[in-house]
Amino acid sequence: MLAYALRRVLSTLPVMAIVALFVFSLLYIAPGDPAVVIAGDQASPADVERIRANLGLDQPFLVQFGSWVWRLLHFDLGTSIFTNLPVSAMIAQRIEPTLSLMMVTLVLTILIAVPLGVIAAWKAGTWIDRVIMAFAVFGFSVPVFVVGYILAYVFALKFDLLPVQGYTPLAQGFWPWLQNLILPAVALGCVYIALIARITRAAMLEVLQQDYIRTARAKGLGQGGILFIHALKNAAVPIVTVVGIGIALLIGGAVVTESVFAIPGLGRLTIDAILRRDYPVIQGIVLLFSFVYVLVNLLIDVTYTLVDPRIRY
Amino acid sequence: MDRRTVLKGLAGAGGLALTGGFAAPAIAQGAAARTLRFVPQANLANFDPIWGTQYVVRNAAAMVWDTLYGIDDQFVPQRQMVESEEVSSDGLTWTFKLRPGLKFHDGTPVLAKDVVASLTRWSARDPMGLMLKALQNELTAVDDKTFKWVLKQPYPKMLFALGKGNAPCAFIMPERIAQTDPFKQMTEYVGSGPFKFVKGEWVPGAKAVFEKFTDYVPRQEKPVWLAGGKQVLVDRVEWVIMPDPATAAAALQNGEVDWWENPITDLVPVLKGNKNIGVDIGDPLGNVGAFRINHLHAPFNNVKARQAILMAMSQEDYMRALVGDDNSLWKPLPGFFTPGTPLYTEAGGEILKGKRDLVAAKKLLEEAGYKGEPITCVVAQDQPITKAFGDVTADLLKKLGMNVDFVATDWGTVGARRAQKTPPAQGGWHMFHTWHAGADCINPAAYNALRANGDKAWFGWPTSEPVETEITNWFNAKSLDEEKAVAARINKAAIDDVVFAPTGFFLGYTAWRKNVSGVTKGPIPLFWGVSKTA
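Protein chains in written order, with our numbering: chain D, 323 to 635; chain V, 3 to 536.
Be a bit skeptical, because a hint or two may be false.
[What the hints assert, rightly or not] Computed beta-carbon distance windows for the label pairs:
(1) D:Leu433 x V:Glu318: 52 to 58 Å
(2) D:Leu348 x V:Gly257: 40 to 46 Å
(3) D:Pro336 x V:Pro111: 57 to 63 Å
(4) D:Pro336 x V:Lys401: 53 to 59 Å
(5) V:Pro376 x D:Phe383: 26 to 32 Å
(6) D:Phe383 x V:Glu467: 40 to 46 Å
(7) V:Asn517 x D:Phe383: 30 to 36 Å
(8) V:Thr189 x D:Leu348: 25 to 31 Å
(9) V:Val152 x D:Leu348: 51 to 57 Å
(10) V:Gln383 x D:Ile340: 27 to 33 Å
[To be verified] Under the rule of at most 30 Å between Cα atoms (straight-line distance), these lysine-lysine pairs were calculated in the DSBU-like manner:
(11) D:Lys480 x V:Lys357
(12) V:Lys277 x V:Lys99
(13) V:Lys423 x V:Lys186
(14) V:Lys516 x D:Lys480
(15) V:Lys364 x V:Lys186
(16) V:Lys150 x V:Lys105
(17) V:Lys209 x V:Lys115
(18) V:Lys534 x D:Lys480
(19) V:Lys147 x V:Lys224
(20) V:Lys494 x V:Lys214
(21) V:Lys209 x D:Lys480
(22) V:Lys277 x V:Lys523
(23) V:Lys534 x V:Lys209
(24) V:Lys306 x V:Lys389
(25) D:Lys480 x V:Lys365
[Claimed, not checked] Facing chain V, according to a computed beta carbon distance under 7 Å, are these residues of chain D, among others:
(26) Gly354
(27) Val359
(28) Gly362
(29) Arg374
(30) Gln386
(31) Thr401
(32) Thr405
(33) Ile413
(34) Gln415
(35) Ala474
(36) Pro485
(37) Gln487
(38) Ser581
(39) Ala584
(40) Leu597
Calculated from the structure, these hints are not laboratory results. Using N, Cα and C, we set each Cβ at its ideal position, and we do this for glycine too.
Construct the complete structure from the given sequences, taking the supplied hints into account.
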């Protein structure tokens, strides 16, 4: 197992290298010029040129790429063109809100989606099943920002229960931290809940047809035990897979959610960097997201061995 | 006890178990009242007001760095850091004396050598500074409190240049910082202004914090715009960056922020309906909308094609697309200078007035030799102003029988593409939309968009000798009457040659919680004189 995990971690290196090359090339050919944004509307073309030269943006592709890779090899993600701060420091400033949002969303999702899926499968074909599946369709159909605005209107403006926006670090207390994350997590989690509820239902329906479930029922095991101990455990592999895939959904959704709820996370940093063409920041974030995604896939593979003893590496 | 308190109590019980108690610092009522939470127009992504000239940087910089002079609401530069000035009878030697008690945020006194270094850096980037630099014989510190600027020829606009609020402003920094290459970003943000920048709390894209500088000695005069005594009445100002206007509106209504610099027009009725919120025009100098035309390529290299645009365009259409039915937010602009300011003139602006004449405009296009070639309109969709203008323009050009190649893109791309002089089919452009702060359009000093010196002009590269001659005359004008006469001639020449097509003059609102007082109209958000109660 350890050898497998090590092999997988090492295999991320070529993946990361390809991602790095791809991102750098894409940004190089993308239209837009940070020097123009920096210089402002009043600047002359000569001013823009001089800023571009100072930033090294007038260098040929290979020179720019070479120096970026050289810095990467020294664990240096570079410096933001705009803020003049190290990219790693900017990411460090923003990582806590994003991780918090993703974690709360993930917990909320699993707590809601898995029981919903299990109940829908148990009550397949009944009105309960139909209500749950209708909710799933709603979750898929309504964009994150619409859910976000509705939640903010109802729970913050109308009933004054939760704040509209912002983020409070966990170090300043659990409730201040959580109260800023509840609405965004619900908004972001809607699609995710719908997805996992549907997958759980489908996996459970298949498992509930198995002979050992009938045996369990025959020997008088309670419904809860059958559903959550025997059936759910055996339906867990596809659910775990989708939870993992869903991390990518969360990363994408976090970009919108963080904008709607003014959370100073990586999603907003990404948008800001793209709009300003802050190349080092974009490259740093994409690399980080790629690494996280590869890591999550590894964790899922490892989790398979925990939920299904037949799987060995 | 309200619902939130109950919920906090319930959830807090769980939190207490997890964290071992509330770690959140209790903020006393008084402390909260001394912190002003402000939503600025844009993200403060960098903080070097000479290197980066975006308005948002200038606005934040005006809190931290002081200027030698500051303009008042009559556009007259008033002494700020300067105690006295003296100009020799030939107008060539200016001697300035700093007022006593000036101190930088690091505790060191402001000296003449700091001023010299700051003006040297500023004059390498600012259009008026560049003019001064070209005329300069020497700029030297005479003693700790006195500096001297010796010129080769008189420069009547000297005090305006030092006090203007247009970016980049002549901010005064410590010598060691001001010695940074003006094309490289400085890393230390030490000024002598009424607020200190708290670099440790700066999260670009999210938050910027400014604390009251207790050693600041304000002038005794009444504060007016950038002039007068900058009395700070709060301990701390937090800039909270909110990219989403709906979120900012909700946060203001909920009392999570205190002041929103520029609410979008669509949300203003909601804010006006809230009894806890005050709404008024923010910047009385507003903005000048621009239909920027590329003078290098057909058909717009022919003045008749450009005049066809002026003849056909309805400024009301552009303004209504932007501000809707709120008539207090816009004015027609048959000229280029900001309405309500001394140099405002409509001389030569008849072509923009009255009923629009599509038939005559089509005829002019024909005479210009237009034969249905694609017209490349590069329009930023991520800016509400340019998006609205672009939709009107597409319709206008189609009505004129033009073949519109509408490139819908983002502002970053427009910024890069507009610098291309290549033909439109090869990555260039025919037109784009932008807008200019009215403060930049009060006179020709900072009005780059009005320059018509060909290759050296702003994007579109217009050439008009009459415009350039009159701009030079304005710089040499010695009285307001003389300036007004010159401005009328500039306006007429710029309309005759269609330097660009003005789409109208528009204003924007600002909104604040009613427990905040002292919010005044000005060309930038002014934080001195603003106070807050709990």
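Inset, instruction - Sort out which numbered hints this structure fails and list those numbers smallest first. - result: Hint check: 7, 11, 12, 15, 17, 20, 25, 29, 30, 31 and 33 fail, others pass.
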